[in-house]
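Going down the list, the protein sequences come from chains A and B. With the numbering used here applied, the first sequence covers 1 to 156. With the numbering used here applied, the second sequence covers 157 to 934.
Read the hints as simulated data drawn from the structure, not as lab findings. Among the hints, erroneous ones may be present.
Said to hold, decoys possible - Think about it this way: if two alpha-carbon atoms lie no more than 30 angstroms apart in a straight line, the pair counts; the simulated DSSO-like pairs of lysine-lysine are:
no., chain 1, residue 1, chain 2, residue 2
1, A, Lys49, B, Lys209
2, B, Lys209, A, Lys59
3, B, Lys644, A, Lys59
4, B, Lys644, B, Lys757
5, A, Lys15, A, Lys69
6, B, Lys716, B, Lys757
7, A, Lys28, A, Lys69
Chain residues, written in single-letter form:
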Amino acid sequence: MILNGTFTFNGPRQKVWDLLQDPSVLAKALPGTERLTMAGPDRYEGVMKVSVGPMTAAKFDVAVTLGGKEPPERFTMQIDGKGAVGFARGSAAVHLQEQPDGGTLMDYTSDVQIGGRIASVGQRLIESVSRMMMRQALEALDRELRTRIDADPSGS
Amino acid sequence: MSAETLYVNARIRRNEDARLLTGRARFVDDVRLPGTLHVAFVRSDYAHGRLIKVDVSAARQHPGVAAIYTFADLGDYGRPAPLLVPPPPIPGLVFHSRTHRPLASDKVRYVGEPIAMIVADSRYIAEDAVRDVVVEVEPIDAVVDLEAALVAGAPKVHEDLDSNAAARVLQRKGDYAAARAGADAVIGRRFTYDRGAAAALENRCVLASWDRQAEELTIWDTTQAPIPIRNGLAARLGLLESQVRVVAPFVGGAFGPKIMMFYPEELLVPWASMHLARPIKWTEDRQENFYATTQERGQLHDAEMALTRDGRILGVSDTFLFDTGAYDPYGLTIPINTQCTLLGPYDIPNYHSEFTAVFTNKTIVTPVRGAGRQHGVFVSERLLDIAARELGIDRVEIRKRNLLGPDRFPHNHEIMFQDSAPLVYDSGDYLPALEQAVETIGYADLVRRQEERRTGTRRVGVGIACYVEGTGIGPYEGARVTVEPSGKVRVATGVGTQGQGHYTVFAQLVADVLGVAVEDVQVVTGDTREFQWGTGTFASRGAAVAGSACHAAAQSVREKILTLAASLLGAQPGELEVAGGRVSVRGSADRTISLADLAAKANPLRGAVRPGTEPGLESTAYFGPDRGSTASGVHAMVVEIDVETAMIEVKRYLVVHDCGRIINPLIVDGQIHGGVAHGIGNSFYEQLVYDEQGQLLNASFMDYLLPTATDVPPIETAHRETPSPFNPIGLKGVGEAGCIPTGAAFAQAVEDALNIEILEIPLSPNRLFTLIQQAARR
């Protein structure tokens, strides 16, 4: 499955970068995340529950490895999720660009292979569920960003 | 056989329906034994990969788990399953046998391949424990596309082979190149024909119970072939065949994939029952059925037909690829059926047909109703339609010009059929069947109204396709017929039954010979303890082969009845008549004895059974035809297509068919109706969709569309009877007739309505919409 898109954050690039590197923030933002912890430098591990169509609350052990870091502009992710109903594995690339209005444009591309029962039964819904989850996560991150900026208007 | 029959050829209701319709029929899952353990399988999520590690330690700790087995636990029992059907002895044939193991060893080759078996107190517990098994797979690029699979450097499903080619076969008749050189027209196209899942109502189920005290293993199995399963399991488990009993009770539809597959589950459940000395049951769920039960899929044909300008076929050349999936335990039955059935009812003097069977990272392919025949029929029927159009000949007329005449039988096609016998048609009368179909569907009127039918948003098209069906192949079946002291008759035979009406048609054959009521004949099938010689139910052979054995056994019992009655009644056997459950001396009403009394006297408590005779009114007989008999027919259909939505409504469906002598027209109608439903599904609704990594994307009935009652129109049938000379009753098979030419007729009807060339089946509303758009742009 190829999932590409853009999203505009209402805040400066460095702050967006910091958010994206903070597992506790990501854990709150990503829908269905039960746990997400730093398992090593540039590696997060955790557990997510995902519902796709008839498959409700399917548990996945998730590992994300970051790479290709060019702070605060780019990074890549290797994603590896495994669960009783199948797997998801692939890669994603994130590019952050400063915008004239002070916001940050995120450009993301991902290619994730979905396999096992979740692919065979949820196939019609996987893409729309993934888009929805991505949208929810990014909006949650943006809200967190606003909260941080409001708490520390100096921007430091 | 005498033409005077009370039951054969009668449209009588089925003996088994009372049990089936009131819920009293026993299916495997209905068998409940105390202390049964239940099974769930850990299956591969990957289509292709190296199996690095299977860690079952956490799952073993799960309360209620009795045992977990991986490949390492199986020892020698983990060796590959047997090759079920060795290829026929075709000169130059190349075949690489690679059969499945009970559990994956070092590689996984399709999604759903079993990796570990969990045995637990309940299925719930077993399923929970599946989640605790850690499977590590290093993925390899999957082999999915048939052409890409054969490109040098493609990943290999079986790395010990040179390529993904599982087999290469060439069959030739005459000299196609010379025929082509002398042709007025050569029509060449690329065709794709995909099939699908059998989707039987009942999924597979195996229950095994090892009796340690009796040292007997009983296996209830949803199989079409209980005797081969018993024989194979006995050999593999180191038991005598007589120590193993396989029972296939009522089976809820099979359509091919429940043949003697020696499926992993079928091998493992009995083995585990012996290890644990407990009854063990596994019942397949619908999702597993999509991955783990064999299916039939696509073929890619590059075919051409050489003709004279007046539409006479000079020859056909066809080169095709056949997707056999990850393993090939069923040999080459499907592509050889395709190769042979392509010749159809036509006089094709020159033929060149070669195919390559291709290993892919998909579920194993074995026959599903039709078993490759529809692929072949599609190619020849489409070529004829295109030739008719290009030569300016009516499509019915071009068929008439090429049909084999009634004086051409037996007709030897000079190539070899799937049963390792030459492809010889026993009998047939094709032209009247075509004329009857043309007349009944109102073809002439539809042709006259072609312009009008092709305008507006709802376009109407008519399709007419001819076919033959190789049926009733050997090697043999047997039956035992017994007249019991109650006067009722018991028939035991080895073939399994999956809804075909065996309890009725075998009873009809026997009732006529023994002069009893059909309700008084009780048939037992599919239990190796009742009858232990035979092969199984497949290739539309039950009636022709097992039915002929029932008939022969009944004839033998009739001899015994006449001999004994003659001595008791003081008459010559020739003076006796057998009717209404009695034997009487013709013309003297008082000299009579009932079959019940005769059966009692045949098994005396005092006196002596004379040397050279046997007690009882019982006989066993076998029947094995030299080769299969060839049924035939014509399908005609009218479709209405909404050009805006690309939805198709089948307005009329007519089948004129000839399966030789008919035992029960009601049952033949039923077989045809079911087959047509399968064919309509195959034409417009069903397709197994794999992604480029070999993931099956529609493994549920939400996404894999079966035709529903509203998609299948009332089906009109007409019976014609050209008896087969290959068995005493003149029978031919009919089990697959309904679905064989459906795709060909459907494509022709769509083409007729829309005036666009159709080179593929299945279509779907989406696909047809795309084709309509493409045609509009041209």
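Agreement of Lys716 (chain B) and Lys757 (chain B) with the hint, judged by alpha carbon distance not exceeding 30 angstroms: Status holds; Cα separation ~12 angstroms.
Would you mind confirming whether the straight-line C-alpha gap from Lys49 (chain A) to Lys209 (chain B) stays at or under 30 angstroms? holds, 25 angstroms
For the pair supplied as a hint, Lys644 (chain B) and Lys757 (chain B), is the alpha-carbon distance within the 30 angstroms limit? holds, 15 angstroms
Given the hinted pair Lys28 (chain A) and Lys69 (chain A), is their alpha-carbon gap at most 30 angstroms? holds, 23 angstroms
Just to be careful, I want the Cα atoms of Lys644 (chain B) and Lys59 (chain A) compared with a cutoff of 30 angstroms; is the pair within it? violated, 61 angstroms
If you draw a straight line from the CA of Lys209 (chain B) to the CA of Lys59 (chain A), is it 30 angstroms or shorter? Given that 30 angstroms is the threshold and the Cα spacing comes to 21 angstroms, the pair holds.
Against the 30 angstroms threshold, does the CA-CA distance of Lys15 (chain A) and Lys69 (chain A) hold or violate the hint? Holds, at about 16 angstroms.
The structure shown violates just one earlier hint, number 3.
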